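> Here the protein sequences line up with chains A and B, keeping their order. First residue of the first sequence? That's 15 in this note's numbering, and the numbers climb one at a time after it. First residue of the second sequence? That's 15 in this note's numbering, and the numbers climb one at a time after it.
Source of the hints: derived by calculation from the structure; they are not laboratory data. Hints are supplied without guarantee of correctness; some may be wrong.
Which copy? The list can't say, so a pair holds if one copy fits it or any two copies do.
To be verified - Only pairs whose alpha carbons sit at most 25 Å apart, straight line, appear in this in silico PhoX-like list of lysine-lysine:
1) 489 <-> 24
2) 198 <-> 425
3) 340 <-> 194
4) 24 <-> 52
5) 52 <-> 72
6) 52 <-> 194
7) 72 <-> 393
8) 52 <-> 198
9) 59 <-> 113
Please read these numbers as outputs of a predicted model, since none were measured by experiment.
There are 2 protein chains.
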Amino acid sequence: MAMAESFFDKHKSLLEQACQAVQDRGHWTPYPEIPSGKIYGENAKAEGLTAYQSSLNKAFSLQGPAVVGHVGAEVSPYNGELGIQYDAYRSNDLVAAAKHALPEWRDAGPEIRTGVCLEILERLNQRSFEIGNATMHTTGQGFAMAFQAGGPHAQDRGLEAVATAWLATSRVPADSLWNKPQGKHDPLVMSKRYHIVPKGVALVVACSTFPTWNTYPGLFASLVTGNPVIIKAHSQAVLPVAITVEVCQQVLSEAGFDPKLVMLAAEGSEVSIAQSLAVHEDVRIIDYTGGNSFGDWLSANATQAAIYKEQAGVNTILIDSISNLKRAAQNLAFSLSLYSGQMCTTPQALLIPRGGINTDEGHLSFEEVSSRICVTISKFLSDPERAAGVLGAIPNPVTIQRLSEASNLGKVVLESATCPLPGFDDAVYHTPLILSVEGADDAWQQEQFGPISFIVAVDDTDQGLALISNAVAGKGAITFGVYSTDESVLDRAEQVAIEQGVALSCNLDAGVFVNQSAAFSDFHATGNNPAANAALTDPAFVAGRFAVVQSRRHTSV
Amino acid sequence: MAMAESFFDKHKSLLEQACQAVQDRGHWTPYPEIPSGKIYGENAKAEGLTAYQSSLNKAFSLQGPAVVGHVGAEVSPYNGELGIQYDAYRSNDLVAAAKHALPEWRDAGPEIRTGVCLEILERLNQRSFEIGNATMHTTGQGFAMAFQAGGPHAQDRGLEAVATAWLATSRVPADSLWNKPQGKHDPLVMSKRYHIVPKGVALVVACSTFPTWNTYPGLFASLVTGNPVIIKAHSQAVLPVAITVEVCQQVLSEAGFDPKLVMLAAEGSEVSIAQSLAVHEDVRIIDYTGGNSFGDWLSANATQAAIYKEQAGVNTILIDSISNLKRAAQNLAFSLSLYSGQMCTTPQALLIPRGGINTDEGHLSFEEVSSRICVTISKFLSDPERAAGVLGAIPNPVTIQRLSEASNLGKVVLESATCPLPGFDDAVYHTPLILSVEGADDAWQQEQFGPISFIVAVDDTDQGLALISNAVAGKGAITFGVYSTDESVLDRAEQVAIEQGVALSCNLDAGVFVNQSAAFSDFHATGNNPAANAALTDPAFVAGRFAVVQSRRHTSV
């Protein structure tokens with residue numbers, strides 16, 4: 015364990031900073047988000063691309079139980095099949111191997127485990143360009159976004175989970191002396207020991223759109239608290255997870271642990287291993303990001319496990335009045351475009367009073383505001399290079415199908431265009447479809463995953479707030495934005511946010527977008543509405559992943 | 015809110031001490047456990063008795079929604095019907111009233127709420143003698159135990175929950191400044207606010223044996239985190255809960271809050287309100303102590319709520335060798351007798367190698383050890399006054415019935431005697447029934463609630479450990495004791511404790527008993543075996559009772 019201990023020492027200062035950051039919640043990150051050679055090394059970009067390309071069209075092998083087959087169905091929306099074959103395992107074998115690895119990891123204690131996790135994160139950071147390419151070609155994100163969201167931002171979320179779990183476990187003392195006075199008699203004295211004990215085997219069911227960002231919090235929170243982790247990757251986005259598991263296994267091995275403490279459960283397009291893993295009696299923790307169908311199934315069936323899940327939602331923006339229309343419209347144009355609306359934080363509906371709103375350019379009618387937003391989007395996306403980088407590509411045919419059928423959901427105020435994606439033969443990007451509807455319409459109150467957004471005419475700000483409150487209560491939401499020059503409107507919006515458990519962003523008109531959630535500062539989701547039953551990363555996200563087992567005996571003082 | 019703020023200031027030093035105590039986990043309590051006039055006031059004992067008696071045979075009214083009837087079925091096992099009538103309410107009305115009271119309590123913030131809770135605890139402490147009498151006559155505990163467990167020890171557990179919840183909520187900052195450098199450009203700066211938001215309405219389903227001790231942790235953890243609480247009292251043990259609710263409502267009113275933030279859901283012997291409350295969509299937290307039947311029902315049906323529950327278990331003692339047989343036997347005699355085995359921590363089975371054990375009195379055969387324990391019990395209970403005080407009375411006819419039918423579960427090595435209870439006409443106490451069985455027998459591996467214990471012959475220490483491990487995994491346990499002069503046996507026992515998630519007590523042979531769990535130091539249950547899915551009071555017990563909702567907006571530095 016000498017190596018494992020040295021990992022903790024090596025990263026001690028980083029851990030202290032991270033712990034301070036999660037408690038202060040200002041801006042902080044140790045993982046630079048800029049894909050620059052100056053930061054990551056002159057050749058990092060080229061080497062990352064090469065590393066990615068060298069994975070293609072071959073087997074990607076990891077440590078695991080008996081291999082029972084090979085699977086692989088990843089298709090880059092930019093340039094076709096990845097051709098990678100992953101080992102397939104039986105779910106029972108995976109759980110048995112994880113369970114076998116558990117005791118040594120448990121008995122190593124939080125300090126050793128935390129050191130190992132911090133080393134894993136450092137090495138993941140070093141592979142950010144490779145992971146960026148893998149993320150781009152599995153999720154369809156533009157490279158810059160794929161680098162950030164798949165690399166440093168995901169690592170930030172991982173480190174945040176490590177720090178939060180470390181704080182929770184290290185606050186439980188390893189031992190205590192219990193010394194109870196007995197009046198004239200000798201005191202009763204006991205020495206007590208407190209062990210941090212994991213809940214069991216943890217399962218992470220990763221999503222196709224953010225295979226690392228949404229995976230790292232559960233992965234690292236479970237690891238620090240002593241639970242082995244099986245990651246069931248989405249069939250379309252395995253590679254970023256496989257690289258992650260490879261790094262975990264390398265560091266675990268170097269530290270003298272069973273590398274099978276972290277395993278990949280890959281699957282192809284036809285077989286699904288998620289259900290049999292999820293209901294296994296030894297699986298006690300499940301982290302899930304994805305649609306309601308499987309999320310609801312998990313809650314109904316995986317009753318032996320604690321489930322931390324993020325599902326569908328309806329994110330909204332209320333526009334009451336705007337102090338800088340130009341910048342607000344630019345901000346919204348970016349938010350609605352980014353990754354073709356495939357973020358769980360993308361606004362789906364912009365609610366605007368039908369009588370129009372006050373702006374720094376005077377009172378504008380509903381149609382004028384709507385038009386201004388659409389024009390700004392069109393202008394923003396008029397350069398194909400920029401459009402491709404921001405929009406990326408859509409990997410899932412179901413999303414493209416949904417987009418193609420969405421025009422009848424309202425009055426089209428901005429048509430979606432399909433354009434050739436520069437630099438990739440046969441690849442296309444899709445610009446957002448914007449529909450105008452009435453507040454009473456049902457369409458905007460259902461998640462329409464993809465580049466489909468609604469401009470919703472409401473009677474007034476109060477009705478807008480009421481509709482948003484109702485939509486969040488019924489369908490869930492992760493983000494809620496408001497534009498107003500009236501503090502009382504901002505206050506009422508904040509009250510709705512508090513009541514419905516949704517994060518509020520006010521008057522975003524600069525370089526922060528409602529879609530963005532910054533680790534160490536922003537809590538992603540709250541756990542208080544149907545979009546998610548947990549938050550990244552609050553105390554509840556880590557506290558349920560371990561128990562404290564004590565022993566006591568008499569001693570003398 | 016001036017009064018509410020002053021409560022926090024008044025108790026600030028106490029809170030700081032309690033927070034330190036839950037982190038240090040040594041001995042600490044602000045609520046003296048000795049029912050002494052020197053501590054509680056010269057007339058406290060008499061006044062407490064009078065207060066209790068003045069509640070009898072009349073209505074006990076509290077704040078609540080529309081009264082729809084009156085219920086009351088409490089019978090003192092010492093002296094008959096209490097004759098108290100409680101208001102009955104409709105479950106929907108209770109939840110609606112709680113929900114109505116929620117926003118103001120939520121918006122008051124953790125500091126105000128914590129101050130109110132600390133004031134409630136101080137006033138509960140002042141009524142400890144009254145609560146002691148109420149506890150005695152509803153649970154059947156002897157007065158000394160009823161005073162301690164129903165009064166100061168319950169208050170300790172309440173304060174522990176307050177401190178743990180305060181620590182969890184106060185570690186989330188109220189606001190932050192997020193200042194992100196942008197190279198040559200101006201930084202992006204945002205001010206952020208973080209709101210502690212409750213999960214919803216909380217329900218505590220109290221038990222008949224420890225109506226306050228098992229209720230206060232959930233009650234206070236929910237209150238500090240902003241959730242209104244409805245306490246469904248057991249029909250046999252309402253009064254201690256009613257007094258508690260009365261104190262809560264008084265303090266809440268004085269602090270300017272809706273007293274209906276804490277309400278009593280009483281029920282008689284015929285109607286049950288627990289189920290309709292438990293599945294109400296607005297009830298988001300349930301604390302439950304009781305049998306597996308309702309506990310399992312809750313898990314299957316109250317899926318909208320987070321459930322913290324403690325159910326049945328099989329507590330065990332492994333006897334490998336003993337360094338002080340006399341004291342160990344005395345300790346065990348007390349543990350097996352206390353409150354007639356009606357504690358969730360009472361050992362049910364003592365596993366002893368059939369080849370006998372080494373002791374400070376030489377090697378003793380299995381039969382000699384068994385006999386020594388039985389003789390010690392008999393001697394300990396030979397004085398009727400002491401026996402009555404330790405054993406108390408059994409209020410539930412089902413428990414008496416079980417005892418009367420238990421003789422065929424094994425070979426009787428100590429018969430249960432039914433004796434007149436000094437000072438009370440017609441009341442009786444029951445001494446423990448001790449049965450001898452084989453390790454393979456099923457009887458000792460099922461919870462036999464009441465004064466029924468087993469001495470179990472095992473092949474050797476290893477088999478004993480294996481049987482215990484298996485029993486805890488399958489049936490759950492809250493306590494596990496071991497006697498051994500061999501450190502390696504203690505180590506192996508600790509390993510079983512860690513693996514099965516049960517608290518271990520080693521070589522108890524003085525004034526600490528395996529049944530006892532000291533607040534601020536001992537974690538009661540772990541959440542890692544079927545006896546309980548939560549622990550009193552670890553971080554997980556409080557973290558899931560609130561969410562953090564944030565808002566953010568640009569600002570200038």
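> Are the hints correct? Go through all of them and say.
Evaluated hints:
Proximity of residue 489 and residue 24 under a CA criterion of 25 Å is satisfied in neither setting, with 45 Å inside one chain copy and 44 Å between copies. Neither within a single protomer nor between protomers do residue 198 and residue 425 lie at most 25 Å apart by alpha-carbon distance, with minima of 86 Å and 44 Å respectively. With identical chains, the CA atoms of residue 340 and residue 194 are at most 25 Å apart between copies only, with a shortest distance of 23 Å across copies and 69 Å within one. Proximity of residue 24 and residue 52 under a CA criterion of 25 Å is satisfied intra-copy only: 24 Å inside one chain copy versus 57 Å between copies.
In this assembly of identical chains, the alpha carbons of residue 52 and residue 72 never lie at most 25 Å apart, being 32 Å within a copy and 82 Å across copies at closest. Proximity of residue 52 to residue 194 under the C-alpha cut-off of 25 Å is restricted to the inter-copy arrangement: shortest distance 19 Å between copies versus 61 Å within a copy. With identical chains, the CA atoms of residue 72 and residue 393 are never at most 25 Å apart, being 42 Å at best within one copy and 78 Å at best between copies. In this homomeric assembly, residue 52 and residue 198 come within 25 Å of each other (Cα to Cα) only across copies, at 16 Å, whereas the closest approach inside a single copy is 72 Å.
In the homo-oligomer, the alpha carbons of residue 59 and residue 113 never lie at most 25 Å apart, since the shortest distance is 39 Å inside one protomer and 56 Å across protomers.
Checked against the numbered hints given earlier, the structure breaks hints 1, 2, 5, 7 and 9 and satisfies all the rest.
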